[in-house]
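In terms of this note's numbering, the sequence shown opens at residue 3 and continues consecutively.
Misleading hints may appear alongside valid ones.
[Unchecked claim] When the alpha-carbon atoms are kept at most 20 Å apart in a straight line, the in silico EDC-like pairs for lysine to aspartate or glutamate are as follows:
1) K154 <-> E21
2) K4 <-> E210
3) K64 <-> D78
4) K4 <-> E168
5) K173 <-> D212
6) K154 <-> D114
7) K208 <-> E129
8) K4 <-> D215
9) K144 <-> E210
10) K64 <-> E168
11) K154 <-> E205
12) K4 <-> E226
13) K64 <-> D140
14) K154 <-> D118
15) K173 <-> D215
Keep in mind the hints are simulated off the structure, nothing from the lab.
Computed from a predicted model, the values in this text were never measured in an experiment.
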Amino acid sequence: MKSYLVFRLYGALASWGVEAVGENRPTSTYPTRSAILGLLGAALGIRRDDETQLAALQQSVKIAIKQVVSGLLLRDYHTAQVPSQEKKQAHLTRKSELSDKAKLNTVLSSRDYLADGVWVIAISLTEPTSFTLSALRDALVKPVFTLSLGRKSCPPALPMSPQLAEYPSLKAALDTPFPSLPQSEKGNYYWQRNDNVVSYWWEGDKNEIDIPDTTVLTHQLWNEPLSRDRWQFTQHTMHQLSLPSLPVEGTHVPV
């Protein structure tokens, strides 16, 4: 038996940033390691410039993800005003950036989001660790900073319902049941999609989730934070296994 902190992420919109070149800002189909670390850091009240605490959190946790519903892809044509770069002037706030309208430029980009995606996250600790699972759970219940699903414009749409318990395996932790999603006045579930497959992603031992007659894929992803101040990342290894999904309560329109 091993202790895990398990919680669910659901939002009307989510955006899990991956490598972006030029004007296109794609999203991963599941929460990236950097996004989960950012969510935990915000819940704990760790500021972006506190590199010591951010590094301690990064080295203390192992992350696994179960994708229940991938979400529908939505693309937003995004415009933003930014000031011309001047070495003599540093803008500390958005108000300061917009104060000199004569020097504003318009930046255009396409940003991808996932609508109505559902993911289950399992957190375990490394040795040594600077945090406890109970402290992480309490922070998710009562976060210091506002939490988001990848972008500030993507808040969680339901309580994350963090649970701290012992499980016989990582897969058992990720298969933790959660309360059904709410119904409308007409009796229809707000969330009405159920993917044909359910996918698991995890770090560490490739054989930690081992199911006969299935193939485990290994991915090298650029989502391990090096510096949030300079927005730099390095490679990170994740394993993936996908299975046919079973009907999940709250994922269909009742008859």
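Satisfaction of hint between D78 and K64, Cα-Cα up to 20 Å: violated (32 Å)
Distance restraint between K208 and E129, which requires alpha-carbon spacing of 20 Å or less: This hinted pair holds, its Cα atoms lying about 19 Å apart.
Pairwise hint evaluation, E168 against K4, where the allowed Cα distance is 20 Å at most: holds (5 Å)
Hint consistency between K4 and E210 [alpha-carbon to alpha-carbon, up to 20 Å]: holds (12 Å)
Given hint E205 paired with K154 - CA-CA distance at most 20 Å: violated (26 Å)
Hint consistency between K144 and E210 [alpha-carbon to alpha-carbon, up to 20 Å]: Given pair K144, E210 is violated - Cα atoms ~31 Å apart, limit 20 Å.
20 Å Cα cutoff - pair K64, D140: holds (18 Å)
Pairwise hint evaluation, D215 against K173, where the allowed Cα distance is 20 Å at most: Roughly 16 Å between the alpha carbons, so the hint for K173 and D215 holds.
20 Å Cα cutoff - pair K154, D118: Holds, because 16 Å separates the two Cα atoms, which is no more than 20 Å.
K154 paired with D114 [C-alpha distance capped at 20 Å]: Judged against 20 Å, a Cα distance of about 14 Å means the pair holds.
Restraint check for K4 with D215, where alpha carbons must lie at most 20 Å apart: Violated. K4 to D215 sits at ~26 Å, over the 20 Å cutoff.
Given hint E168 paired with K64 - CA-CA distance at most 20 Å: holds (15 Å)
Figure legend: structure checked against the earlier numbered hints; hints not met, in rising order: 3, 8, 9, 11 and 12.
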